[in-house]
Amino acid sequence: MHQVLSSTPEGIFTINVGPQHPATHGVLHLVITLNGETILKIEPHLGYIHRSIEKMCESLTYRQFIYVTSRMDYLSAHINNHACALCVEKGLQVEVPMRAQYIRVIMDELTRLASHELWWGAMAMDVGAFTPFFYAFRERETINEIMEETCGARLTMNYMVPGGVMADIHPQFQQKVKQFIAGYKNKIAEYNELVTGNVIFQNRMKGVGYLSTEDAISYGCSGPVARASGVACDVRKRYPYDVYAQVQFDEIIETTGDSFARYLVRIREMEQSVRIIEQLIDNIPEGDYQAKTKAVLKLPKGEFYQRVETARGELGVYIVSEGGTTPYRIKFRSPGFSNLSALNEMAKGGKIGDLVATMGTLDLVIPDIDR
Amino acid sequence: MLNTISFEAIKTAVQQWLNMHWGPHLAFIAECILIGLLVIVFFAVLGLLLVFMERKVSAVMQIRLGPNRVGPKGWLQTSADTLKLMLKEGLTPDGADKFLFNLAPFLIMIAAMLIMVPIAFARNFQIWDINIGVLYISSIASISVIAILMAGWSSNNKYALLGAMRSGAQIISYELSAGVAVITMVMLTQSLSIQDIILSQQNGWWIFKGHIPAIIAFIIFMIAATAETNRAPFDLAEAESELTAGFHTEYSGMKFALFFLAEYINVFIVCAVAAILFFGGWMPFHIGNWEGFNHIMDYIPSSIWFLGKTFCLIFLIMWFRWTFPRLRIDQLLNLEWKYLLPISLANLLLMTIIVVLKWYL
Numbered sequence: 001m002h003q004v005l006s007s008t009p010e011g012i013f014t015i016n017v018g019p020q021h022p023a024t025h026g027v028l029h030l031v032i033t034l035n036g037e038t039i040l041k042i043e044p045h046l047g048y049i050h051r052s053i054e055k056m057c058e059s060l061t062y063r064q065f066i067y068v069t070s071r072m073d074y075l076s077a078h079i080n081n082h083a084c085a086l087c088v089e090k091g092l093q094v095e096v097p098m099r100a101q102y103i104r105v106i107m108d109e110l111t112r113l114a115s116h117e118l119w120w121g122a123m124a125m126d127v128g129a130f131t132p133f134f135y136a137f138r139e140r141e142t143i144n145e146i147m148e149e150t151c152g153a154r155l156t157m158n159y160m161v162p163g164g165v166m167a168d169i170h171p172q173f174q175q176k177v178k179q180f181i182a183g184y185k186n187k188i189a190e191y192n193e194l195v196t197g198n199v200i201f202q203n204r205m206k207g208v209g210y211l212s213t214e215d216a217i218s219y220g221c222s223g224p225v226a227r228a229s230g231v232a233c234d235v236r237k238r239y240p241y242d243v244y245a246q247v248q249f250d251e252i253i254e255t256t257g258d259s260f261a262r263y264l265v266r267i268r269e270m271e272q273s274v275r276i277i278e279q280l281i282d283n284i285p286e287g288d289y290q291a292k293t294k295a296v297l298k299l300p301k302g303e304f305y306q307r308v309e310t311a312r313g314e315l316g317v318y319i320v321s322e323g324g325t326t327p328y329r330i331k332f333r334s335p336g337f338s339n340l341s342a343l344n345e346m347a348k349g350g351k352i353g354d355l356v357a358t359m360g361t362l363d364l365v366i367p368d369i370d371r
Numbered sequence: 001m002l003n004t005i006s007f008e009a010i011k012t013a014v015q016q017w018l019n020m021h022w023g024p025h026l027a028f029i030a031e032c033i034l035i036g037l038l039v040i041v042f043f044a045v046l047g048l049l050l051v052f053m054e055r056k057v058s059a060v061m062q063i064r065l066g067p068n069r070v071g072p073k074g075w076l077q078t079s080a081d082t083l084k085l086m087l088k089e090g091l092t093p094d095g096a097d098k099f100l101f102n103l104a105p106f107l108i109m110i111a112a113m114l115i116m117v118p119i120a121f122a123r124n125f126q127i128w129d130i131n132i133g134v135l136y137i138s139s140i141a142s143i144s145v146i147a148i149l150m151a152g153w154s155s156n157n158k159y160a161l162l163g164a165m166r167s168g169a170q171i172i173s174y175e176l177s178a179g180v181a182v183i184t185m186v187m188l189t190q191s192l193s194i195q196d197i198i199l200s201q202q203n204g205w206w207i208f209k210g211h212i213p214a215i216i217a218f219i220i221f222m223i224a225a226t227a228e229t230n231r232a233p234f235d236l237a238e239a240e241s242e243l244t245a246g247f248h249t250e251y252s253g254m255k256f257a258l259f260f261l262a263e264y265i266n267v268f269i270v271c272a273v274a275a276i277l278f279f280g281g282w283m284p285f286h287i288g289n290w291e292g293f294n295h296i297m298d299y300i301p302s303s304i305w306f307l308g309k310t311f312c313l314i315f316l317i318m319w320f321r322w323t324f325p326r327l328r329i330d331q332l333l334n335l336e337w338k339y340l341l342p343i344s345l346a347n348l349l350l351m352t353i354i355v356v357l358k359w360y361l
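Which chain is which? The protein sequence lines are A and B, in order. Once you know that position 121 of the first sequence is 121 in UniProt numbering, the rest is easy, because the numbers rise by one and skip nothing. Once you know that position 297 of the second sequence is 297 in UniProt numbering, the rest is easy, because the numbers rise by one and skip nothing.
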């Protein structure tokens, strides 16, 4: 006779979710210990998409290494590049022209919108609704078109360079962004109508995947995940960079700490991103889009750290320089890694369906976790 | 003119021809074979049609075009897909219980085929008007859960087993309220025979003249039917974001296609039953004493009436699928045991009162 399903006498068994699984949105591997449908323990296994980006950066110059970072959190490519550019600028002590700062922040916020769009669609798909995914992609497509026109790329933009941005914005840029923003407000209302208000959806999300404020802090969670648990950690607000200090926007904080709170935080963040873009788009100052820098950049000996708020949370770039043209050591502090480490805390005791709903609200991008 | 080419006329003509040329026994056997072939052909056509319909409906809801390359407007897409599935290798995993594993897809198809027996497709066009028609349908429909459990268990795969256990719990639970909803309507018609149920709606469909209990029964039946056919928002048995493909994770090629087909056939069947119970099956739409209007309605062939109603309900079920998120397993069972079942029992009581007091005419 063949052996039928290994399990302990108490009926506890393990299943492997991933590395090829529709819910993990990438090559994440979770080993889940189950008792029937109830989850006892989750162990994330990483390493399937490790490309040693940090090591690679050590042999690339300060101009070159930025391009590799687009491949970390590919949904926040602009923001990753922004963090690296800021860190190098900190070392070089370059003053970035106002025009470049405005463009950078607008691009960051557009990226955040595009990223949250994709998250929203994938999130709805995780809980079983397919249609929102296509609605989300309709808007994301417009953003991608704007990106393509200005940066020449749709996913790995590589637009930010030390000292500013690579090229000036497209002449149509302002008009297109304004057009998009004007239509976009109704779209958020549509999302709320389609998904947020749905009774089944709310039942799936409320009271599920609870993360307490203490746990959020001790696991080092950041971004919407931490803010949904009541941790005020928006880098744009706490440690403003570029023109973020001058724009008006709210830091969205929820205190319930469940999946629905994380969902709401992201939805409201989209509204805030729209608000930021609205403030900036009409006031892009004239001037240079790039500061004058040397052809070969050399950072002085020392350690430099810069953090930014990506769509997923706090991204830290830590450069150790020996004074040469390439970094001696680079370390990225990625938001997804810390957020994923709290998954066991959130999903323990829930059902398999809860795990998927919780994982959806973490907004994991695996290449970001596994660099 | 229209009456001469109705299904009823064709049936009678074939019957007469067979009886004229062959003996009664031989004619009966020939009829059985003919019916069997017809059911298989009908299944194939229905499967292709419903899959195509689902893809087009989902495309409209998801602001895209859907299949439009193979054949005119993509009509041959599903045929091409079926051909592909036929050519694929039907893999049987090493650790699987081979006998049960290979039996399950056929069992689910056989169950679906058997349900066709009492369904009336047009006026006097029915394979067999059993006097326990509705009961027969509910009981045969339960066989499919055995096939699903069989598939899940014999696959020797944890995802498949989880899916099968979910499906078992779900179908057995929702059969109760579906059954009670059917009984509610049987109270009105006072007969289990499909023919009698349809004929009792000659001067108005039950959804209109059955008062509020009929409407409640209809809603409950549709919810339970969606759950019984394992379709979203109750598609926990295959919940692809949780269990990859649930009970048919290990199936490939034509064996997978049979499960896939059975899902669509079951959708057709539950919608056909709903059309018969609540919307008068092939009975045309009549309004009281509007002779002219009723006359025009009578000119539409009865088969069109039946299929039209059924496909409207199928569209409704597809609409559910492409709109709602999925429930969680405990919420699913709560919905049935805490809400639907008590409501349908109370509804049955209400209907009994209405029938006893003869308020329904």
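Careful, some of the hints might be misleading.
Said to hold, decoys possible - Below, a list of computed lysine to aspartate or glutamate pairs in the EDC-like style, where the Cα atoms sit at most 20 Å apart:
no. : chain 1 : residue 1 : chain 2 : residue 2
1   : A       : Lys178    : A       : Glu95
2   : A       : Lys348    : B       : Glu291
3   : B       : Lys158    : A       : Glu10
4   : B       : Lys209    : B       : Glu291
Calculated directly from the structure, the hints in this document are not laboratory data. As the structure is a computational prediction, the values presented were derived from the model and not from experiment.
Consistency of the hints with the structure:
1. Annotation: proposed proximity of A:Lys178 to A:Glu95 is violated, straight-line Cα distance about 28 Å (limit 20 Å).
2. For the proposed pair A:Lys348 and B:Glu291, the alpha carbon gap of about 67 Å is over 20 Å, so the pair is violated.
3. Between B:Lys158 and A:Glu10 the CA atoms are separated by roughly 16 Å; this keeps the pair inside 20 Å, and the hint holds.
4. A hinted pair counts as satisfied when its Cα atoms are at most 20 Å apart, and B:Lys209 with B:Glu291 qualifies at roughly 19 Å.
The structure is inconsistent with the numbered hints 1, 2, although it conforms to all the rest.
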